[in-house]
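> If you read the sequences in order, they're chains A and B.
Sequential numbering of the first sequence, starting at 340, is according to this note's numbering.
Sequential numbering of the second sequence, starting at 340, is according to this note's numbering.
Keep in mind the hints are simulated off the structure, nothing from the lab.
Heads up, some of the hints might be wrong.
For chains that are exact copies, the list does not tell them apart, and a pair is met inside one copy or across any two.
Unchecked claim - 30 Å max Cα-Cα, derived DSSO-like pairs, lysine-lysine:
1. K678 x K343
2. K425 x K470
3. K507 x K618
4. K507 x K425
5. K425 x K618
6. K678 x K618
7. K470 x K343
8. K470 x K678
9. K470 x K618
10. K678 x K507
11. K343 x K618
12. K425 x K343
2 protein chains.
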Amino acid sequence: MNGKTNLTIGEAQACVLRHVPAGGVEEVPFDDLLGRVLAEEVRANRDLPPRDVSAMDGFAVRSADTASAGATLTVVDDLKAGDRPKLTIAAGECARIMTGAPTPPGADAVVRVEDTRALSANRVEIVVSVKAGNDIRARGEAMRNGDVVLAAGAEITPGAIGMLATVKSARALVRRAPGVAILSSGDELDSLDAPFDPERIPEANGHALMAQTRALGIEPVRLGIARDDPQELASYLRRGLDYDVLLVSGGSSVGVYDHVRPTLESLGVTLHFWRVALKPGHPVAFGTFGQHLVFALPGNPVSSMVCFELFAGPAIRAFMGHPRPFRRSVTATLAHTVKHRPGRTELVRVTLRRDADGGLSATSTGLQDSGVLSSMAWADGLLVVPQDSEELAAGTVARVQLLDGFEATSSFIETGA
Amino acid sequence: MNGKTNLTIGEAQACVLRHVPAGGVEEVPFDDLLGRVLAEEVRANRDLPPRDVSAMDGFAVRSADTASAGATLTVVDDLKAGDRPKLTIAAGECARIMTGAPTPPGADAVVRVEDTRALSANRVEIVVSVKAGNDIRARGEAMRNGDVVLAAGAEITPGAIGMLATVKSARALVRRAPGVAILSSGDELDSLDAPFDPERIPEANGHALMAQTRALGIEPVRLGIARDDPQELASYLRRGLDYDVLLVSGGSSVGVYDHVRPTLESLGVTLHFWRVALKPGHPVAFGTFGQHLVFALPGNPVSSMVCFELFAGPAIRAFMGHPRPFRRSVTATLAHTVKHRPGRTELVRVTLRRDADGGLSATSTGLQDSGVLSSMAWADGLLVVPQDSEELAAGTVARVQLLDGFEATSSFIETGA
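Pulled out of the complex, with its shape left as it was, chain A reads as follows (with noise of 0.2 Å):
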């Protein structure tokens, strides 16, 4: 078997990300954006504002005729977002006009309705004296004609979304999202519309790695279960294999009934490592067939989760062009010890909890065997316990990689912000 073994994490998901094609570009129409990367820099096709605008609701003036505090205008004309105002603003004369509307010729400033005094209908006196350009936004001044407003390699964000309509670019040219195949492996297995049997063990891990690709915005398609048999593996695996990614769980191990990885080298696919010096996920292995990306899962529902989280997940969003392809990690102070045996990086699922001081403090979801679904089901994170240590004692800070982006309390609600 080639490939290196007992890598640690950090080596492993660096071998898996150089091994990520540039993959191709598409594309796509308006709707379907989100989340995906741009393949193009997109360019401003107007100014924006189009022409100077009031910054506030007020009126549009002649700084000139405010030198000195408390002059009183003529009221001439009234002008809201949208208008095209037609008349010039003379001496003496001012026009009412709402944020967003367009300053009309003459006026070179604006005067908010709280620094005003209505007098009647059409006269207002000006509390205060203001300069050319107050509380005028100019044209230009959000967005320039021709400049880049989104670069090629950006994440199409919401708020990307909504730039992209601001240059009406109903369409984009993004990188190519990978085609993901999920095969499970192993006669003990029971899919989930099989009558049921209390005596088999049904099949969790391919549901769990469908949730799990859906996540990161992606449908993948399910190739079902490939019994233990080296020849239905194969033809399985040979299918899989037309995908961009592969993701096997299951009978990556060493017994003599694991064939998927001896099946996956027959088929020609190279092996860059296998196992990883992690718990759970230990029997991790990764590999590729010219562009496509395999990975070879433990067989244990929580550690196809873990290495997914870790290797695939990363390698998806990495393969779609995202700048930020990881999970992201926060640290957290140890409600309780986290006891280990040194050797390999420990993921020890947690819930995490805001203290009263806005730290956060982590708990073990309980029993973190890797059979044990439950537990993974509502943790919060990972918590990582070195490979080294003997023990994380309470109170200890370490980092937690979070397997979402919500919490339950509002920094804001507890501080009243």
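Assemble the complex: chain A is given as a structure, and chain B must be docked to it using the hints.
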């Protein structure tokens, strides 16, 4: 106009959450369950493992036979996951066994393969002495028939999907997802498919709000653009009030053409607050119409997006029953000084970078004018400048509310763990 004004962000969030209705429940098929919240507890329908199984690849033995290290045993069977052992292991005998395979009758311990030495095809030396139960996962250790494995109110994470597959729960009763309608308002707005007109303001808010809603897993309904005409606006708003959550952007200020709030009130909407001591996003208003929630969001694109993140997004997640309705926040060190005029809490769009020491540093994305959408498009989060502060000096540790859950670097690659 009714309702409180100039609430703090925290007061406004608490007010919104108090008005989120309990909502109903619906039965949803397996493939649509990710991201929903369980309305019923889920119980185990079987023991897992269904029998005592081997935790390792090795040999199933009678522990008494290994009382002294170096025993030689006859291999009488070969067991893999999914098998149902028929042979009983007698004294002096053992069975080759794979991880997950049921232990055969007679055997009461497993010796891992690395603690054995093959003597011939069917003779093996057991190098160590093991106790009863060694490396056996007991029946029901991971899940016991009848136990609650997922509580009512639990979020359906990928791990929960795996757990639902484990108990063959192909459908589940979940909290109803809200119908969300999005309306933009303003004469100056130009729709995405209208012919290019450099004088008009392209409609960005509605699209950005659509994307923010989709990022929460909800497909919203786009009502379009209402002109600044009270009757047209009323007719649009009346349609919008059919939905559980109505988001209206623009027209919520106090100008004479800002009809949204008075029109909402005339339609019977109770306003709970308008204006929050927040920048950008000051003119936000919130009301209810029976159990329906209405957010009148500012017309500036950035303000509208910030108010979604602070108020509408958490309300949508709370409606779905999510135990963690809020975006996660982290602390970061300011890379530069941020000036601030006391009075309102300011949210500064920032990018986050991981420092060599593992902490985060925050840098402003540039011009913070609320019309500059590009600075929102590539932000990682919103840095909180407290209401009363004069400035936040470079090096200050401040809170940043994240906009999603990803980052550029892996903490594992940095530390090599």
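> Which of the stated hints cannot be reconciled with the structure, identified by number in ascending sequence?
Hint check: 5, 7, 10, 12 fail, others pass.
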